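S.K.: Here is how the chains run, residue by residue.
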Amino acid sequence: MSELSVNHLLGIKYLNKGDIDLIFETADHFKEVINRPIKKVPSLRDITIANLFFENSTRTRLSFELAEKRLSADVINFSAASSSVKKGETLIDTVNNILSMKVDMVVMRHPNPGAGVFLSKHINASIVNAGDGAHEHPTQALLDSYSIREKLGEVGGKKIVIVGDVLHSRVALSNIFALKLQGADVKVCGPKTLIPKYIEKLGVTVETDLKKALEWCDVANMLRVQNERMEISYFPSTREYTQQFGVNKKLLNTLNKEIVIMHPGPINRGVEITSDVADSNQAIILDQVQNGVAVRMAVIYLLASKIKQ
Amino acid sequence: MSQKLLISAKEIDIILRRLACQLIENHTHFRDTVLIGIQPRGVFLADRIKRILLEDYQVSDVKLGYLDITFYRDDFRRGEKTLEANKTQIDFVVEDKRVVFIDDVLYTGRSIRAGLTAIQSFGRPEEIELLTLIDRRFSRHLPIQPNYRGRQVDAINREKVKVHWSENEGEDAIYLISS
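These protein sequence lines are chains G and H, in that order. Residue numbers for the first sequence follow the working numbering, beginning at 21 and rising by one. Residue numbers for the second sequence follow the working numbering, beginning at 11 and rising by one.
Keep in mind that the hints were calculated from the coordinates and are not lab data. All values derive from a computational prediction rather than experimental measurement. Hints may be right or wrong, so weigh each one.
[To be verified] Calculated pairs, DSBU-like style, for lysine-lysine (alpha carbon to alpha carbon, straight line, at most 30 Å):
1) H:LYS97 to G:LYS326
2) H:LYS91 to G:LYS122
3) G:LYS33 to G:LYS221
4) G:LYS37 to G:LYS59
5) G:LYS122 to G:LYS59
6) G:LYS200 to H:LYS97
7) H:LYS97 to G:LYS37
8) G:LYS33 to G:LYS51
9) G:LYS207 to G:LYS231
10) H:LYS60 to H:LYS97
11) H:LYS73 to G:LYS326
12) G:LYS171 to G:LYS277
13) H:LYS97 to G:LYS60
14) G:LYS328 to H:LYS97
15) G:LYS59 to H:LYS73
16) G:LYS51 to H:LYS170
17) G:LYS179 to G:LYS207
18) H:LYS170 to G:LYS59
19) H:LYS91 to G:LYS326
20) H:LYS91 to G:LYS37
21) H:LYS97 to G:LYS59
22) H:LYS172 to G:LYS89
23) G:LYS217 to G:LYS200
24) H:LYS97 to G:LYS89
25) G:LYS326 to H:LYS60
26) H:LYS73 to G:LYS51
27) H:LYS91 to G:LYS33
28) H:LYS60 to G:LYS328
29) G:LYS60 to H:LYS20
30) H:LYS172 to G:LYS59
31) G:LYS33 to G:LYS107
32) H:LYS91 to G:LYS200
33) G:LYS212 to G:LYS33
34) H:LYS73 to H:LYS172
35) G:LYS171 to G:LYS200
36) G:LYS171 to G:LYS51
37) G:LYS60 to H:LYS73
Please model the complete structure; the sequences and the hints are all you need to start from.
M.R.: Right under this line is the structure:
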């Protein structure tokens, strides 16, 4: 297969296994490109991309911007805090105004689930979802799987546990879709209050004992507790959460194998993961960040190649 | 579709040896020279040349890399299909080196143009030469000519020149394919 089955990247649930394989193979080439003395290729010099961030972001926005610039695309950035959204403009009006400046692709983060899907039905540009509420964050899931593939050779057949605030996490949902599609075994682990009801229907199992989950897995993906999305209290105290669901070196040393530790960032050091784990050789957190640029270059390149001239 | 044998295995062998000798004439010890096979089809020729240099003329330590030009092509979004990339592998410095591009067929010259841009990402070579097994003269779109040429072929645009290698297609042969 040489092209994606979709014209937008709205979520992992719209992709098939062939799409993921193609993205990873393309990302392999871009990973080599970004390690050259000159880390830029001219492929997308006639493409303009708008990065629309209606929600805060540091690493995702920088990663997308770097990926776009490495491909020689023209880039315009927009954040909701300094825009006319505050003056009451609708999403479609905002985006159509930007598109009238001849933009080919939109990378959007939005607090509302489904914002990307909605936009894709109303505007004529390729859309990349950079996170929509607690729904999906497809490029994060792709770079997570890509990092597992790089570290362990393949994703299929591997045992992955996603630990923490699964309820509010778009990273968790996209990861579950991506990992299942590639044939991995997936478990979620966290306080019952932060595990969505019926999550088993996605083909994952639930474990509330962190030690058991870690003993079972090859890879643990640690999620951040998203206090900003919590209107009520889901656990008694941060201290208690850390005692039950935080990973520290002492706990990892009790396991009879060395597991891979991942984290999508930003890390709350000392809450879901201690510094000695985050900075250890078991953690591939910074590899994830580096792979993020290569994977996003692959996604943008493959989507851009489907835009008609 | 019909295909006609243009050059046989025996002739290819003679041509490859001549090209290797011409390289030795100009580069002697290959101390400051690096060979770059252009992906995807140039790498077979580049591997052969390196092997002949080593086995028949005892030139060891020839540096050989592979360069993929996909992301530098000038026809992105112009065809029906997405352009698929191949592996680039250059494990040495090209800065100030004498680079020899190696490709099987020189046709419009556009691949070599892309290669000239791509190699700049790895440094500034002292010079770049081009070695090609088949030169389809009268088909050039750009002012690019080979320094080392296996055979000149006159073919019309709808014809295709296909180089077969024993390690890939099971035989050494060059065919003219007309549709």
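S.K.: Now tell me, hint by hint, if it's right for this structure.
M.R.: Now the hints, each set against the structure:
Among the hinted pairs, LYS97 (chain H) with LYS326 (chain G) is consistent with the structure: their alpha-carbon atoms are about 22 Å apart, no more than 30 Å. Proposed proximity of LYS91 (chain H) and LYS122 (chain G) is supported: the alpha carbons are some 24 Å apart, at most 30 Å. The suggested pairing of LYS33 (chain G) with LYS221 (chain G) holds, with an alpha-carbon distance near 14 Å, which does not exceed 30 Å. The straight-line distance between the Cα atoms of LYS37 (chain G) and LYS59 (chain G) is roughly 29 Å, inside the 30 Å bound, and the hint therefore holds.
For the hint pairing LYS122 (chain G) with LYS59 (chain G), the CA-to-CA distance comes to about 26 Å; that is within 30 Å, so the pair holds. The suggested pairing of LYS200 (chain G) with LYS97 (chain H) holds, with an alpha-carbon distance near 28 Å, which does not exceed 30 Å. Between LYS97 (chain H) and LYS37 (chain G) the CA atoms are separated by roughly 22 Å; this keeps the pair inside 30 Å, and the hint holds. Of the pairs offered as hints, the one joining LYS33 (chain G) and LYS51 (chain G) holds, with about 25 Å between alpha carbons and a cut-off of 30 Å not exceeded.
At roughly 13 Å between alpha-carbon atoms, LYS207 (chain G) and LYS231 (chain G) fall within 30 Å of each other, so this suggested pair holds. At most 30 Å may separate the alpha-carbon atoms for a hinted pair to count; LYS60 (chain H) and LYS97 (chain H) meet this at roughly 19 Å. With a C-alpha separation of about 38 Å, the suggested pairing of LYS73 (chain H) with LYS326 (chain G) is violated against the 30 Å cut-off. As the CA atoms of LYS171 (chain G) and LYS277 (chain G) are separated by approximately 15 Å, the hinted pair is consistent with the 30 Å bound.
Our distance criterion of 30 Å between C-alpha atoms is met by LYS97 (chain H) and LYS60 (chain G), whose separation comes to about 16 Å. Distance restraint check for LYS328 (chain G) and LYS97 (chain H): the Cα-Cα separation of roughly 27 Å lies within the 30 Å cut-off, and the hinted pair is therefore satisfied. Under the criterion of a C-alpha separation no larger than 30 Å, the hint pairing LYS59 (chain G) with LYS73 (chain H) is consistent with the structure, at around 23 Å. As the CA atoms of LYS51 (chain G) and LYS170 (chain H) are separated by approximately 34 Å, the hinted pair breaks the 30 Å bound.
Distance restraint check for LYS179 (chain G) and LYS207 (chain G): the Cα-Cα separation of roughly 8 Å lies within the 30 Å cut-off, and the hinted pair is therefore satisfied. This hinted pair does not check out: LYS170 (chain H) and LYS59 (chain G) have alpha carbons roughly 35 Å apart, beyond 30 Å. Proposed proximity of LYS91 (chain H) and LYS326 (chain G) is supported: the alpha carbons are some 8 Å apart, at most 30 Å. For the hint linking LYS91 (chain H) to LYS37 (chain G), the alpha-carbon distance of about 19 Å falls within 30 Å, and the restraint holds.
Distance hint between LYS97 (chain H) and LYS59 (chain G) is fulfilled; the C-alpha atoms sit about 16 Å from each other, no more than 30 Å. Between LYS172 (chain H) and LYS89 (chain G) the alpha-carbon distance is near 37 Å, which puts this suggested pair outside the 30 Å criterion. Proximity of LYS217 (chain G) to LYS200 (chain G) is assessed by CA-CA distance (about 19 Å); at most 30 Å being required, the pair is judged to hold. Our distance criterion of 30 Å between C-alpha atoms is met by LYS97 (chain H) and LYS89 (chain G), whose separation comes to about 22 Å.
As the CA atoms of LYS326 (chain G) and LYS60 (chain H) are separated by approximately 39 Å, the hinted pair breaks the 30 Å bound. Restraint check: the Cα-Cα separation between LYS73 (chain H) and LYS51 (chain G) comes to about 23 Å, which is no more than 30 Å; the hinted pair holds. A hinted pair counts as satisfied when its Cα atoms are at most 30 Å apart, and LYS91 (chain H) with LYS33 (chain G) qualifies at roughly 24 Å. Note on LYS60 (chain H) and LYS328 (chain G): the hinted pairing is violated, with a Cα-Cα distance of about 42 Å set against a maximum of 30 Å.
Under the criterion of a C-alpha separation no larger than 30 Å, the hint pairing LYS60 (chain G) with LYS20 (chain H) is inconsistent with the structure, at around 43 Å. With a C-alpha separation of about 33 Å, the suggested pairing of LYS172 (chain H) with LYS59 (chain G) is violated against the 30 Å cut-off. Of the supplied pair hints, the one linking LYS33 (chain G) and LYS107 (chain G) is violated, its CA atoms being roughly 34 Å apart against a limit of 30 Å. Between LYS91 (chain H) and LYS200 (chain G), the direct Cα distance comes to roughly 29 Å. Compliance with the 30 Å bound is thereby established for this hinted pair.
Proposed proximity of LYS212 (chain G) and LYS33 (chain G) is supported: the alpha carbons are some 25 Å apart, at most 30 Å. Taken as a hint, the LYS73 (chain H) and LYS172 (chain H) pair is honoured in the structure, with Cα atoms around 27 Å apart against an allowance of 30 Å. Between LYS171 (chain G) and LYS200 (chain G) the alpha-carbon distance is near 18 Å, which keeps this suggested pair within the 30 Å criterion. Our distance criterion of 30 Å between C-alpha atoms is met by LYS171 (chain G) and LYS51 (chain G), whose separation comes to about 14 Å.
Between LYS60 (chain G) and LYS73 (chain H) the alpha-carbon distance is near 25 Å, which keeps this suggested pair within the 30 Å criterion.
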